[in-house]
Amino acid sequence: MSKDIRIKKGLDIKLVGIAEKNTTNVSLSGVYAIKPTDFHGVTPKLIVKEGVNVKAGEALFYSKSDERLLFSSPVSGKVVELIRGARRKVLAIKIAADTTQEYKQFETKDAAKMSAEEVKNYLFAAGCWPFIKQRPYDVIANPNQAPKSIFVSAYASAPLAADLDYILAGKEAELQAALTAVSKLTEGIVHVSVGANSNSPLSKINGVELHKVFGPHPSGNVGTQISKIDPINKGEVVWFVTPQDLVIIGELLLTGKFNASRTVALTGSKFNNPQYVTAIAGANIADVVANNLENDNTRIISGNVLSGVEVKEDGYLGYYDNQITAIPEGNDYELFGWTKPVFNKISTSRALTFSWLNPKKMFNLNTNTNGEHRAFVVTGSYEKVFPLDIYPMQLLKAFMYKDLDEMEALGGYEVAPEDFALTEFICVSKQPHQKIIREGLDLMREELG
Amino acid sequence: MGLKENLHNLKEKYRGTKMAPAFNAIHTFLYLPNEVTHGGTHIKAADDLKRTMNTVILALVPCLIFGMFNAGYQHYAAIDGSLRADVLANFFTFDNLWIGIIKVLPLVIISYGVGLGVEFIFAIIKGHEVEEGYLVTGMLVPLIVPVDTPLWMLAVAVVFGVIIGKEVFGGTGMNILNPALTIRAFLFFAYPTWMSGDKVWVQGAVERANEIAAGSTADAISGETILGSYAQNQDVIYSTFDKFMGFIPGSVGETSTFLILLGAAFLIFTKIGSWRIILSTFIGAAAMGLIFNQIVAADIITESSKFYGLMNTVWWEHLMIGGLAFGAVYMATDPVTASQTNKGKWIYGFLIGFFSIMIRVFNPAYPEGVFLAILLMNVFAPTIDHYVVQGNVNNRLKRAKVKTA
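Residue numbers (my numbering), protein chains in the order written: chain A, 1 to 449; chain B, 1001 to 1405.
Since the hints were derived computationally from the structure, they do not count as laboratory data. C-beta: ideal position from N, C-alpha, C; glycine also. Heads up, none of these hints are tricks.
Stretches of chain A that chain B covers, calculated by requiring three or more beta carbons in the stretch to come under 8 Å of a beta carbon on chain B: (1) 361-369; (2) 398-411; (3) 432-446.
Simulated restraints, written as ranges between beta carbons of each label pair: (4) G170(A) x G1127(B): 58 to 68 Å; (5) L335(A) x T1240(B): 41 to 51 Å; (6) E313(A) x H1128(B): 28 to 38 Å; (7) N344(A) x A1155(B): 38 to 48 Å; (8) I1295(B) x N344(A): 54 to 64 Å; (9) N1006(B) x N295(A): 24 to 34 Å; (10) E1012(B) x T43(A): 33 to 43 Å; (11) L1030(B) x K8(A): 37 to 47 Å; (12) A290(A) x L1003(B): 37 to 47 Å; (13) L335(A) x G1113(B): 19 to 29 Å; (14) L1003(B) x E313(A): 32 to 42 Å; (15) N1363(B) x N331(A): 48 to 58 Å.
Please model the entire structure based on the sequences and the hints provided.
So, in structure tokens, the structure goes:
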């Protein structure tokens, strides 16, 4: 059964630096780092101490709210440093990798014969639960709740996003095993969506409902798909997993090894050869981008340009990320930049901005804000890039003045920060939409559960 | 480049001081700032508020230039009616422009000078950046006042409008009423004898009337607007062409429906102005005009009534005369004070048009209603939005109920 998802509202941001479809293996980095900050809303309780040796798949810490929720080391090696911030908050756990990797051996399982409880415990033990996330609130799924359905988006529409068809090719067995296991976790349906013209390995998977996705970004965002297929109401929970994380779960089921390596797209105009590499979660950025990056006034982003996190070259790949983007910093002045005709930047208006003339053009955008932060003034523009059945500006304002009743009524349960990435991109007032949404969701989670 | 570096150094030097907002306001007009994104999206679209505001100003410039010529043309044509026989030959003359330069430009300068002065002072006191809202307001104000408005009145009104209309609410983006219309309303209610009547619309008419009162024998200059003539059930001497192109007395920038429609086309094309509001305002006005025409046609209102003149005005003529077109295109579309939802914009615009014509016909003191109608709907815009948004909320609740049932 297939149900198509078609959206019209949205915007494809076309940038230079699409990754070419060839993959090189990056040699093992010296040091890896796991950042608990990648797991939003989790307060880490450390299991390891500085100086101990861990195997790949061995737990480093658990969540304060649920001690079954383990977080595993992606590599085997020695814990060399615990970096702490204000109030002794753990910011990163650094592990010096062994030259030959050792894996903690888990049982291999036939997913089809497992019960829901067995799947849960299996994923807990191997540290694979963090791959399962939930809405509302866009955090790691609460295992005590029952999701009404589970979503997997195998279509990435974000700017320069890794081509999921390419990086998943040949992983049918892993994906099938993982989806069979994951589908045990819900009484409802597992929805898998693929691009309109895709030859995704996921289109041959059994036991799921397949959807084809048409339309501009954010059609690939799982939030858009949830809202079109099975929107979240108050009191309901939906879980979602990314396909690249399903591969890790699948490999665990088939081989008993926790192998957090994934294909990562190096994208953006500051890469000499935008392409794919294989890297392990938490890898050192410098090692991953070695001999490829032009690091001269460059913004390096773990993730995509809309929702990714800024990292330095000595930083580390995010736990969930399968993309590193490098674009020029825009820290320069531009004479009469506020009024002169603009040809080299993207705009959704036509106010002497001419990106509408050439919709196929690839732009080389930098990080300049193109203006200063202001109060909300312009109306009606967000709606054109926002496909959810929600009033975006009204919701943002409710999130800003923290009226919980309104946040709930206007659709706060249905959104995640990434849904507001496009509205933030086009915002004339340069408001930090994703930050507003993130803080509002945290408040809702605290106050409303 | 030397200038760029020097200004950058100055900016760093003034950072955090009281003068920083004032300096930055000027600096950012020269250079797009070197600010980069942090957190959130790493790239941003090209548009900012300055560009948005500037687009509206560009759309207003033709009206301003036309208004300057028209100021002179109406002055000379009032003295020598024969000029009206050949409008095109007698309109774009330097004499006309000169009147515009000495009468209209000072209005623009006072409007911007006083208004931006107030904005700068508030920015410095409150320590925020100078916001761009006044760029458009400052341009709108001289275009919606009669040409003979004394400069001191305008200055007082601008101070009132910017402070009470905008700054007390928290500045650009926070105001409930359109600041330009607040200024216009202040002028109207504070100086009613000056702002209404049949003198103030043509340059020189007031002075001449005073001279006559003092014993001069010169001919009086009539400064009557079309609406004034209709309201007094007098005949109107202007052709439809004159009315559409704008060769008629009226506030400085409001007369040329043709140029206003060009501006509207530009605003809609650039996606800055809301076509929903513009279109629905015209529809609303046409609807009310048609209703009045029907009332007259049904002989409910006869020629003896004082409302007859304006009620009998053909509905499409209502769209061209007075400030309706200008209000619909440039004032009603102000995104801060208009309805913010697309559905709400239709309702908001329609009611503005509807009430404009209603007030125009029934207002005994002053035959124009556009600015009052827009201000009225400014107040009701949040209410309209509330019900539109509530529809979305109710759908969400319904969805949840169907699920549980």
